[in-house]
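*Asks:* Read off the chains here:
Number of protein chains: 2
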Amino acid sequence: MTQNSAQTGTLYIISAPSGAGKSSLIKAYLNLSDNHPTKVSISHTTRAPRPGEQHGEHYYFVDKAEFEVMISRDDFVEHAQVYENYYGTSRQAIEGNLAAGIDIFLDIDWQGAQQVRAKMPSAKSIFILPPSLTELENRLFQRGQDSPETIQKRMLKAKSEISHYSEYDYLIINDNFEQSLFELRCIIQTERLTLDKQSQQHHALLESLLK
Amino acid sequence: MTQNSAQTGTLYIISAPSGAGKSSLIKAYLNLSDNHPTKVSISHTTRAPRPGEQHGEHYYFVDKAEFEVMISRDDFVEHAQVYENYYGTSRQAIEGNLAAGIDIFLDIDWQGAQQVRAKMPSAKSIFILPPSLTELENRLFQRGQDSPETIQKRMLKAKSEISHYSEYDYLIINDNFEQSLFELRCIIQTERLTLDKQSQQHHALLESLLK
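Quick note, the sequences are listed as chains A and B, same order. Heads up, the first sequence stops at 211 in the UniProt record's numbering, and the numbers go up one at a time, no gaps. Heads up, the second sequence stops at 211 in the UniProt record's numbering, and the numbers go up one at a time, no gaps.
These are computed hints drawn from the structure, not numbers from a lab.
Pairs count within a copy or across copies, as identical chains cannot be separated in the list.
Listed below are the simulated DSSO-like cross-link pairs for lysine-lysine, each with C-alpha atoms no more than 27 Å apart in a straight line:
no.: 1; residue 1: Lys27; residue 2: Lys157
no.: 2; residue 1: Lys157; residue 2: Lys197
no.: 3; residue 1: Lys27; residue 2: Lys159
no.: 4; residue 1: Lys153; residue 2: Lys211
no.: 5; residue 1: Lys211; residue 2: Lys157
no.: 6; residue 1: Lys197; residue 2: Lys124
no.: 7; residue 1: Lys197; residue 2: Lys159
no.: 8; residue 1: Lys211; residue 2: Lys159
no.: 9; residue 1: Lys119; residue 2: Lys39
Excised from the complex, chain A in its bound form (with noise of 0.2 Å):
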């Protein structure tokens, strides 16, 4: 076979109500032995670490004047602010590794995906969801981390957060956990056959069969 190049990577908005398991299905998709090379975007943030984050690992740790530099820059694809704290996706965590071949996954929610989609149209959106709302209550309070009250706040936030399904191009119904793993696989996978990447990474192959 023709040697070949390597395909530019995609970047993957995945967004979800808690509790629909999308973390569960990043990491699992990141542990398959045959993945294609991706990485989860890490965010900047203005709050302090938590015990054990670690700068460049968890989070990029900067302080306001820094991050209000960085917005004014128009460095970020998207940010946000929550209460006194701002988080948000520099541009420099993303096109570096997307131009060398690696996927990202943006984990953010529907406000940080209207902003992506603006800034980076080439985007592909991944809604993830719950097969209920009763399956959805039922895997928060699994948690056990919650009280009632912070489990009924929490599936407000969930219904609004559900509210912007229609805006992502791919919908997972995550009722069972190996088929929706397959099925973000497949999406990852089809996005890498289409023809303007598979002519970037069989540029000599294709050169070769029309001589």
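Start from chain A and add chain B according to the hints.
*Replies:* Then chain B, alone, in the frame of chain A:
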């Protein structure tokens, strides 16, 4: 899980030069135990049945007058005349199946593909390529059916077909059969995850999640 409706099926145009492995891939996909409901479209033709060919199974055998009436009624999504015989794919062979949630494979060449894209823009098209011209030639020799002269003619025809690869949505480089089959599965699975298709299937669930 809330009761599902059916998704409509998708029309897949599948083209390839002779020897790329298209027929084996289609056959292997149809034989998978967990494929989505799929049929290969049955063409109309004016040529005489060969021994063993059944009307409605291998082809719909019609006479020239009937075929020409069908052309005049715009019954075909693609048709061609090869020497004195007509071949074509009728809308009727496709549209009922798509509405019933069945994916349809159209095994046609680049000329048919162009006609179908113009008439059914929602069709997805897949082009299957060999890993090299040498491998393509080896495969044609290994069939043991043809003289070297016939193989040279087939190679010229193959190169002419290959020259249209860039008109297709997806390229599969058939170097490893199992990998190519996985890729075909992924394309079909991914189409069924699009917002449009999932909204059809999970209409009731999506409504219930927003209550």
